[in-house]
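Engineer: Here's the letter readout for the chains.
Protein chains: 2
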Amino acid sequence: MDAVSIHEVRPDAFNYVWDNSLVPALEVESGEAVELHVRDASDEQIHRGSGVEDVTKLDFSHVNPVSGPVFVKGARPGDVLAVELLEFRPPEWGWTAIIPDFGLLADEFPEPWLRISEVDVETATVRFANGISLPYRPFPGTIGVAPSEPGEHPILPPSRFGGNMDTKHLRAGATLFLPVGAEGALFSLGDTHAAQGDGEVCGTAVEAAMDVVLRLSVRRDFEIQAPEYDLPRGALRQSEESSYHVCTAVGPDLMEGARDAVRATITHLGERYGLDRQEAYALTSVAVDLRIHELVDAPNWVVGAFVPESIFEEGGRG
Amino acid sequence: MDAVSIHEVRPDAFNYVWDNSLVPALEVESGEAVELHVRDASDEQIHRGSGVEDVTKLDFSHVNPVSGPVFVKGARPGDVLAVELLEFRPPEWGWTAIIPDFGLLADEFPEPWLRISEVDVETATVRFANGISLPYRPFPGTIGVAPSEPGEHPILPPSRFGGNMDTKHLRAGATLFLPVGAEGALFSLGDTHAAQGDGEVCGTAVEAAMDVVLRLSVRRDFEIQAPEYDLPRGALRQSEESSYHVCTAVGPDLMEGARDAVRATITHLGERYGLDRQEAYALTSVAVDLRIHELVDAPNWVVGAFVPESIFEEGGRG
Numbered sequence: 278m279d280a281v282s283i284h285e286v287r288p289d290a291f292n293y294v295w296d297n298s299l300v301p302a303l304e305v306e307s308g309e310a311v312e313l314h315v316r317d318a319s320d321e322q323i324h325r326g327s328g329v330e331d332v333t334k335l336d337f338s339h340v341n342p343v344s345g346p347v348f349v350k351g352a353r354p355g356d357v358l359a360v361e362l363l364e365f366r367p368p369e370w371g372w373t374a375i376i377p378d379f380g381l382l383a384d385e386f387p388e389p390w391l392r393i394s395e396v397d398v399e400t401a402t403v404r405f406a407n408g409i410s411l412p413y414r415p416f417p418g419t420i421g422v423a424p425s426e427p428g429e430h431p432i433l434p435p436s437r438f439g440g441n442m443d444t445k446h447l448r449a450g451a452t453l454f455l456p457v458g459a460e461g462a463l464f465s466l467g468d469t470h471a472a473q474g475d476g477e478v479c480g481t482a483v484e485a486a487m488d489v490v491l492r493l494s495v496r497r498d499f500e501i502q503a504p505e506y507d508l509p510r511g512a513l514r515q516s517e518e519s520s521y522h523v524c525t526a527v528g529p530d531l532m533e534g535a536r537d538a539v540r541a542t543i544t545h546l547g548e549r550y551g552l553d554r555q556e557a558y559a560l561t562s563v564a565v566d567l568r569i570h571e572l573v574d575a576p577n578w579v580v581g582a583f584v585p586e587s588i589f590e591e592g593g594r595g
Numbered sequence: 278m279d280a281v282s283i284h285e286v287r288p289d290a291f292n293y294v295w296d297n298s299l300v301p302a303l304e305v306e307s308g309e310a311v312e313l314h315v316r317d318a319s320d321e322q323i324h325r326g327s328g329v330e331d332v333t334k335l336d337f338s339h340v341n342p343v344s345g346p347v348f349v350k351g352a353r354p355g356d357v358l359a360v361e362l363l364e365f366r367p368p369e370w371g372w373t374a375i376i377p378d379f380g381l382l383a384d385e386f387p388e389p390w391l392r393i394s395e396v397d398v399e400t401a402t403v404r405f406a407n408g409i410s411l412p413y414r415p416f417p418g419t420i421g422v423a424p425s426e427p428g429e430h431p432i433l434p435p436s437r438f439g440g441n442m443d444t445k446h447l448r449a450g451a452t453l454f455l456p457v458g459a460e461g462a463l464f465s466l467g468d469t470h471a472a473q474g475d476g477e478v479c480g481t482a483v484e485a486a487m488d489v490v491l492r493l494s495v496r497r498d499f500e501i502q503a504p505e506y507d508l509p510r511g512a513l514r515q516s517e518e519s520s521y522h523v524c525t526a527v528g529p530d531l532m533e534g535a536r537d538a539v540r541a542t543i544t545h546l547g548e549r550y551g552l553d554r555q556e557a558y559a560l561t562s563v564a565v566d567l568r569i570h571e572l573v574d575a576p577n578w579v580v581g582a583f584v585p586e587s588i589f590e591e592g593g594r595g
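Chains as they are written, first to last, in the numbering used here: chain A, 278 to 595; chain B, 278 to 595.
Chain A on its own, in the form it takes in the complex (with noise of 0.2 Å):
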């Protein structure tokens, strides 16, 4: 990568919320290449040394920073930004939280709960537990662009322009397509991750700060309504080396199946590998995928829940 094509980000550029009347933190040309200096989901409000009492503390207007907004020239409503995720430089550390009134099981975890997990560069792993580590695999938990609608939008609700999508398949090598909904996209990423998976189910990754190159270009050969991405060849394969335990559910409603699958994976952590109820949901928030199996079979709709058993140092069932 050519260094002097970098354009940065200020790394004190950064909001709370989309709006699409904020001031550019940059301009950039089409096609060009930016660095962003990610600030974790917390805002710094918990640091390496945290206890759980800085979850209980956590001042929720201050959570999810995001880096920017860059403004691209000649992007315009109706266009394509096509943001190529280029470089993610690796964090010491990371955390991952469960907190109160907030995730999948919120009704059923009511304490606060944290881990503070280090990440090895040198062999690309979370270090979530004794005898339980995951893959290092950094992507932006939030990445968008400013909402075509005027005003102030929240900063923890994904809409159609991206946002707080929490898609662990935009990693390096991928490329991710935005509806432009207003002049000059006004990108901007935060919430960058170590580590999670498909679902984030307790509502939080491995949240971790992290430096991320990008490119942003204006595409105007097509159309989208919502986000897309293309992933290249190898990269779900890369991912997914391991073998899986598989919790289904079975039921009327994808949602309510979704949390019975967690359930079972619960259950099944706690069995198989003796992790207690709040460590489980943590590990799989970050470590577990969700899948529609079917959602045809009427009344009832299948889905998956797949831990890969290569996150623990013995695997497989008795």
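Hints were generated in silico from the structure; no laboratory data involved. Beta carbons: idealized from backbone N, C-alpha and C, even for Gly. Hints may be right or wrong, so weigh each one.
Pairwise CB distance ranges, derived in the manner of DEER restraints [stated by the list, open to error]: (1) B:ARG514 / A:GLU399: 16 to 26 Å; (2) A:ALA383 / B:PRO354: 54 to 64 Å; (3) A:LYS350 / B:PHE337: 26 to 36 Å; (4) B:GLY355 / A:PRO354: 41 to 51 Å; (5) A:GLU399 / B:LYS350: 33 to 43 Å; (6) A:GLN502 / B:ALA406: 20 to 30 Å; (7) B:GLY551 / A:SER587: 37 to 47 Å; (8) B:SER338 / A:ARG353: 48 to 58 Å; (9) B:GLY355 / A:ARG510: 24 to 34 Å.
Reference listing, derived: stretches of chain B covered by chain A, where coverage requires no fewer than 3 residues with Cβ under 8 Å from a Cβ of chain A [what the hints assert, rightly or not]: (10) 310-322; (11) 378-392; (12) 473-486; (13) 495-503; (14) 506-512.
Here the structure of chain A is known, so what remains is to put chain B in place on it, guided by the hints.
Structural biologist: Just chain B now, kept in the frame of chain A:
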């Protein structure tokens, strides 16, 4: 595999309902292997020379026949039946239909549609169309045990005892765990598929009659409330070597999200590969995987539909 030890279910032993009072077609000891001759989901109403008129004429009181039931000695309610999937004998052809009033987008696809695909055993592919070959990945769409509740239960909806799970990952090498609901488990299997995506969105896969060999064992060392399964190392990797284009949907309802992601996929397949809407919908059913990316960033969840580009002779976005 030692042919002598395989017990055969008679080809004429099949049923159109789940019922724990059905007379077993076969009794086996725990740990024994069984071979089943599985009829296609249309029960031979659709044949290799069929046209769309055979879809219109389908008699739904004779669909999804399941071979069995097999009584496994010693299996009692509360036990787990482990089903090791050992072998699928390849069919020569299969069918995929859009059936009126059936499928995820039934309201948008009112007309019947039919595609006969040839299976090429040598290349392990299913020839879906000129220029579109799917990997041949056989599995049983319907696999289960008799429910604990007495009486006849319809064959199309799955339940916590398995049934019409349409779970594409249940291939040779996988082990499915089913909660036993009735004395002897009364295992049955049907609806064999030569290829399918996670979701089976149009309601049919590449439907094909097949012979299936598996091993049935009673387990009492753990309990489950719904089906779980184990996948051997590399099984998922092998499926996912391709590059992918992913259409996402962002919104407050997972089912509507899945519908939106499928709609975007149909549009993408039309624009990128020139498929008409019906063919694109059917191809999405047999080749595209639905994943839940996040369901915690209230009020909006993200669903992704994964299009494997390796199925097209010329792939990649221009």
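Engineer: Now tell me, hint by hint, if it's right for this structure.
Structural biologist: So, going through the hints one by one against the coordinates:
no.	hint	verdict
1	B:ARG514 / A:GLU399: 16 to 26 Å	holds, 23 Å
2	A:ALA383 / B:PRO354: 54 to 64 Å	violated, 34 Å
3	A:LYS350 / B:PHE337: 26 to 36 Å	violated, 58 Å
4	B:GLY355 / A:PRO354: 41 to 51 Å	violated, 59 Å
5	A:GLU399 / B:LYS350: 33 to 43 Å	violated, 53 Å
6	A:GLN502 / B:ALA406: 20 to 30 Å	holds, 26 Å
7	B:GLY551 / A:SER587: 37 to 47 Å	holds, 40 Å
8	B:SER338 / A:ARG353: 48 to 58 Å	holds, 57 Å
9	B:GLY355 / A:ARG510: 24 to 34 Å	violated, 46 Å
10	310-322	violated (count 0)
11	378-392	holds (count 3)
12	473-486	holds (count 6)
13	495-503	holds (count 5)
14	506-512	holds (count 7)
Comparing the model with each numbered hint stated earlier shows that hints 2, 3, 4, 5, 9 and 10 do not hold.
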